[in-house]
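There are 2 protein chains.
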Amino acid sequence: MRFGVNYTPRVGWFHHWIDFDAGEVARDFDAIRELGADHVRVFPLWPIFQPNPTAISAAALGHLDRVIELADERGLDVAVDGLQGHLSSFDFLPSWLVSWHDRNMFTDEHAVAATARYLEALSRTAAAHPNAFAVTVGNEVNQFTGTVHPQPHPATTPEISAWLDRMIGAIRTGAPGLLALHACYDASWYDDTQPFTLEHVARQGDLSVAHSWVFNGTAQRFGPDAFETRAHARYMVEVARAFQTDPGRGIWAQELGAPRNVLPAESIQGFIDGTVEQLAEAPGLFGITWWCSHDVSRSLGDFPELEYDLGLIDEHGRIKPEGRLVREAVARAKEQTPQANPSVIDLDLAAVGGRAALAPGGDFWTAYMDQARDGGHPRIRLVESNAVRAHDEVPAKEGSTADA
Amino acid sequence: MRFGVNYTPRVGWFHHWIDFDAGEVARDFDAIRELGADHVRVFPLWPIFQPNPTAISAAALGHLDRVIELADERGLDVAVDGLQGHLSSFDFLPSWLVSWHDRNMFTDEHAVAATARYLEALSRTAAAHPNAFAVTVGNEVNQFTGTVHPQPHPATTPEISAWLDRMIGAIRTGAPGLLALHACYDASWYDDTQPFTLEHVARQGDLSVAHSWVFNGTAQRFGPDAFETRAHARYMVEVARAFQTDPGRGIWAQELGAPRNVLPAESIQGFIDGTVEQLAEAPGLFGITWWCSHDVSRSLGDFPELEYDLGLIDEHGRIKPEGRLVREAVARAKEQTPQANPSVIDLDLAAVGGRAALAPGGDFWTAYMDQARDGGHPRIRLVESNAVRAHDEVPAKEGSTADA
Numbered sequence: 006m007r008f009g010v011n012y013t014p015r016v017g018w019f020h021h022w023i024d025f026d027a028g029e030v031a032r033d034f035d036a037i038r039e040l041g042a043d044h045v046r047v048f049p050l051w052p053i054f055q056p057n058p059t060a061i062s063a064a065a066l067g068h069l070d071r072v073i074e075l076a077d078e079r080g081l082d083v084a085v086d087g088l089q090g091h092l093s094s095f096d097f098l099p100s101w102l103v104s105w106h107d108r109n110m111f112t113d114e115h116a117v118a119a120t121a122r123y124l125e126a127l128s129r130t131a132a133a134h135p136n137a138f139a140v141t142v143g144n145e146v147n148q149f150t151g152t153v154h155p156q157p158h159p160a161t162t163p164e165i166s167a168w169l170d171r172m173i174g175a176i177r178t179g180a181p182g183l184l185a186l187h188a189c190y191d192a193s194w195y196d197d198t199q200p201f202t203l204e205h206v207a208r209q210g211d212l213s214v215a216h217s218w219v220f221n222g223t224a225q226r227f228g229p230d231a232f233e234t235r236a237h238a239r240y241m242v243e244v245a246r247a248f249q250t251d252p253g254r255g256i257w258a259q260e261l262g263a264p265r266n267v268l269p270a271e272s273i274q275g276f277i278d279g280t281v282e283q284l285a286e287a288p289g290l291f292g293i294t295w296w297c298s299h300d301v302s303r304s305l306g307d308f309p310e311l312e313y314d315l316g317l318i319d320e321h322g323r324i325k326p327e328g329r330l331v332r333e334a335v336a337r338a339k340e341q342t343p344q345a346n347p348s349v350i351d352l353d354l355a356a357v358g359g360r361a362a363l364a365p366g367g368d369f370w371t372a373y374m375d376q377a378r379d380g381g382h383p384r385i386r387l388v389e390s391n392a393v394r395a396h397d398e399v400p401a402k403e404g405s406t407a408d409a
Numbered sequence: 006m007r008f009g010v011n012y013t014p015r016v017g018w019f020h021h022w023i024d025f026d027a028g029e030v031a032r033d034f035d036a037i038r039e040l041g042a043d044h045v046r047v048f049p050l051w052p053i054f055q056p057n058p059t060a061i062s063a064a065a066l067g068h069l070d071r072v073i074e075l076a077d078e079r080g081l082d083v084a085v086d087g088l089q090g091h092l093s094s095f096d097f098l099p100s101w102l103v104s105w106h107d108r109n110m111f112t113d114e115h116a117v118a119a120t121a122r123y124l125e126a127l128s129r130t131a132a133a134h135p136n137a138f139a140v141t142v143g144n145e146v147n148q149f150t151g152t153v154h155p156q157p158h159p160a161t162t163p164e165i166s167a168w169l170d171r172m173i174g175a176i177r178t179g180a181p182g183l184l185a186l187h188a189c190y191d192a193s194w195y196d197d198t199q200p201f202t203l204e205h206v207a208r209q210g211d212l213s214v215a216h217s218w219v220f221n222g223t224a225q226r227f228g229p230d231a232f233e234t235r236a237h238a239r240y241m242v243e244v245a246r247a248f249q250t251d252p253g254r255g256i257w258a259q260e261l262g263a264p265r266n267v268l269p270a271e272s273i274q275g276f277i278d279g280t281v282e283q284l285a286e287a288p289g290l291f292g293i294t295w296w297c298s299h300d301v302s303r304s305l306g307d308f309p310e311l312e313y314d315l316g317l318i319d320e321h322g323r324i325k326p327e328g329r330l331v332r333e334a335v336a337r338a339k340e341q342t343p344q345a346n347p348s349v350i351d352l353d354l355a356a357v358g359g360r361a362a363l364a365p366g367g368d369f370w371t372a373y374m375d376q377a378r379d380g381g382h383p384r385i386r387l388v389e390s391n392a393v394r395a396h397d398e399v400p401a402k403e404g405s406t407a408d409a
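Residue numbers (my numbering), protein chains in the order written: chain X, 6 to 409; chain W, 6 to 409.
Treat the hints as calculated values from the structure; they're not laboratory data. Hints are supplied without guarantee of correctness; some may be wrong.
Taking CB as the label site, the calculated pair distances span [claimed, not checked]:
id : chain 1 : residue 1 : chain 2 : residue 2 : range
1  : W       : D107      : X       : G358      : 29 to 35 Å
2  : X       : E310      : W       : V153      : 47 to 53 Å
3  : W       : P269      : X       : E310      : 38 to 44 Å
Among the chain W residues that face chain X by a calculated CB cut under 10 Å, a handful are [said to hold, decoys possible]:
id : residue
4  : W22
5  : L50
6  : P52
7  : S62
8  : F95
9  : D96
10 : W101
11 : E114
12 : V117
13 : A119
14 : F232
15 : L311
Every beta carbon over 10 Å from chain W, so not counted as near; a handful from chain X, in silico [as the list claims (entries may be wrong)]:
id : residue
16 : V103
17 : D107
18 : V117
19 : P159
20 : R171
21 : R254
22 : D319
23 : G322
24 : L387
Source: prediction; values computed, not measured. Quick reminder that beta carbons are idealized off the backbone N, C-alpha and C, glycines included.
Construct the entire structure; sequences and hints are all you get.
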């Protein structure tokens with residue numbers, strides 16, 4: 006099981022791509038190494054890296070190149086995300102997609118072709134380094150569609166399937182030997198209006214990727230110390246696994262953290278220990294990558310309050326108690342052996358009423374959590390009732406990605 | 006009369022702030038000097054310079070510093086624009102204003118305070134150089150409000166008055182000795198839904214600033230060789246002057262060009278000669294600044310077609326025929342003496358039906374152009390009929406800025 010952190014530069018946050026300072030990155034990576042991490046996930050900002058559809062910044066790619074090199078010098082492997090896209094409440098979309106240009110990032114052929122060129126270039130930069138191991142399409146790109154985003158890019162599920170094929174194909178072209186991935190936030194698990202589906206999560210790219218955030222209603226509903234709150238990341242992993250057509254496909258808990266808006270200080274250790282232990286028991290877990298490396302500096306404005314305290318290292322570069330707790334929990338977890346799920350629970354998605362039933366407090370969620378609390382996390386077996394088949398015969402939404 | 010160009014970097018357009026190359030800027034300025042220019046107007050990109058409300062990029066300010074220095078070494082003065090904002094169809098707004106953050110750039114106190122800090126910092130950078138002479142709030146910031154922008158920031162005219170006071174105040178604080186200006190596109194002249202008014206143009210900041218673009222319907226309606234088309238820039242100057250409370254206030258034709266979508270090759274010389282000659286005759290003209298220095302490279306995508314050919318210098322760095330024509334027209338103009346307007350025409354804005362009457366083909370426009378064609382550009386005398394006074398007594402829109 007791999008362990009790493011999502012790299013949030015200590016000085017300047019992701020705006021460090023503009024004021025790039027290799028010395029600061031080196032210092033940050035030294036501190037990250039002390040956490041016991043074996044890898045970092047890094048985040049280019051799309052408008053900086055591809056300011057025009059036909060122009061990819063040589064300076065920005067050069068900075069990325071240097072970041073990967075500095076990681077290698079410290080024994081850290083690197084996963085690169087492409088389309089940021091969305092980070093900690095801020096959206097970064099290039100000017101050629103928005104306002105007057107108003108291109109749909111998922112369905113406009115000109116935009117899609119330009120995006121693919123960017124991902125290919127980024128992947129080529131990554132692939133030149135022995136320590137780069139993965140390229141992800143982007144951080145939670147499903148934030149930009151569905152009904153929740155204030156300025157969504159509407160797309161159907163088949164359109165998303167085709168878009169993901171293009172993006173993952175671009176990564177494979179640029180970086181043939183690396184893992185090609187995509188990553189969704191939990192609307193893909195819990196929200197039927199979200200066109201990125203669990204089939205996408207479980208069947209496109211080389212691993213299933215889960216991002217677990219208990220500020221999604223879980224901690225609020227069940228409490229900071231509840232079984233459900235500590236089980237949430239593992240639950241997302243099990244739900245994703247259920248939709249896999251390849252049972253041996255790995256699953257990466259690529260992003261999870263301990264948000265202080267819903268977890269008081271006294272709940273942090275239990276949350277970290279419980280979350281990491283339950284994840285580490287999961288069969289086929291690729292790794293855990295904590296969000297995030299460094300606290301956002303209080304000198305930077307306009308972040309939601311919870312975003313300032315998610316780091317394992319503080320804004321002065323000192324490892325926080327949370328950093329020690331995660332390091333210790335991961336060390337224990339590496340001694341654990343993944344365990345076969347002790348029981349099975351059936352999921353008939355259509356019969357249970359769609360993805361809302363999987364959300365915190367939903368019918369399936371409740372049945373699953375009851376079974377997990379009593380006897381350990383069950384394996385979820387996907388079944389299709391007659392209701393599902395009938396549903397599939399009307400213009401398919403979920404069903405259309407079954408062969409993706 | 007000053008003559009300069011709006012500086013559009015030959016390599017990378019305004020994205021050169023990311024891939025900054027002082028050697029390229031030096032080469033560009035050498036070519037601009039050959040045009041006979043005495044100044045350049047330069048355009049920071051807001052999201053690069055102020056990526057967070059509390060963070061202004063030291064690297065970006067350093068690049069601006071170097072640009073002004075390189076201009077000085079070549080005998081070029083510099084005017085700096087702040088909020089870009091809008092350039093050649095592309096919008097560049099920082100992430101902390103848009104989507105989830107959704108702050109109104111004109112009325113949200115937090116956003117306004119952050120914007121003022123940025124303009125002050127930019128102005129301080131400019132003021133450190135002997136060749137910096139002006140700071141403009143931003144390029145056509147009125148593009149971001151009114152009813153035309155696809156994602157407008159709604160504001161009332163009094164709110165715009167207050168915002169301009171703050172922004173111009175920030176410039177004065179940062180650069181006490183420099184001209185503090187703001188610049189609007191022609192909706193402020195022609196569109197009653199535009200909250201930036203002619204009073205703002207004529208009464209806030211140190212000069213009145215006009216941007217003249219005959220693709221606004223003028224060339225389409227009257228033809229590329231029409232009197233109206235060549236008189237348009239001068240007309241905007243005269244309309245702005247009419248709204249001045251200080252008759253001696255200077256007027257800067259800060260942005261005008263020869264757009265090839267409405268001007269065929271054979272009309273270019275007549276357009277340049279006629280436009281420059283009529284402007285140069287205007288009393289109190291501060292200067293003419295052509296848009297733009299360099300053609301946009303055909304290697305960059307998604308610009309409206311007309312934007313690729315507006316340069317006086319081509320994308321390989323060679324002076325174009327348009328460059329020689331403008332240089333010659335300006336040389337002749339500098340021998341001209343500004344002439345008192347030979348006649349007067351009254352403008353009763355309320356009685357004539359508002360700003361629409363000033364637009365190409367409107368009632369006032371037509372009366373003005375007939376008089377100008379026959380005997381030279383008249384002076385526009387603003388009169389207020391009883392109709393206006395009555396109008397002023399209802400909740401004032403235009404009137405409320407009279408004391409600005």
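Quick rundown of the hints versus the structure:
no. : hint                        : verdict
1   : W:D107 - X:G358: 29 to 35 Å : holds, 33 Å
2   : X:E310 - W:V153: 47 to 53 Å : violated, 37 Å
3   : W:P269 - X:E310: 38 to 44 Å : violated, 59 Å
4   : W22                         : holds, 9 Å
5   : L50                         : holds, 9 Å
6   : P52                         : holds, 7 Å
7   : S62                         : holds, 5 Å
8   : F95                         : holds, 4 Å
9   : D96                         : holds, 4 Å
10  : W101                        : holds, 5 Å
11  : E114                        : violated, 13 Å
12  : V117                        : violated, 14 Å
13  : A119                        : holds, 7 Å
14  : F232                        : violated, 32 Å
15  : L311                        : violated, 14 Å
16  : V103                        : violated, 7 Å
17  : D107                        : violated, 6 Å
18  : V117                        : holds, 14 Å
19  : P159                        : holds, 15 Å
20  : R171                        : holds, 18 Å
21  : R254                        : holds, 33 Å
22  : D319                        : holds, 18 Å
23  : G322                        : holds, 18 Å
24  : L387                        : holds, 34 Å
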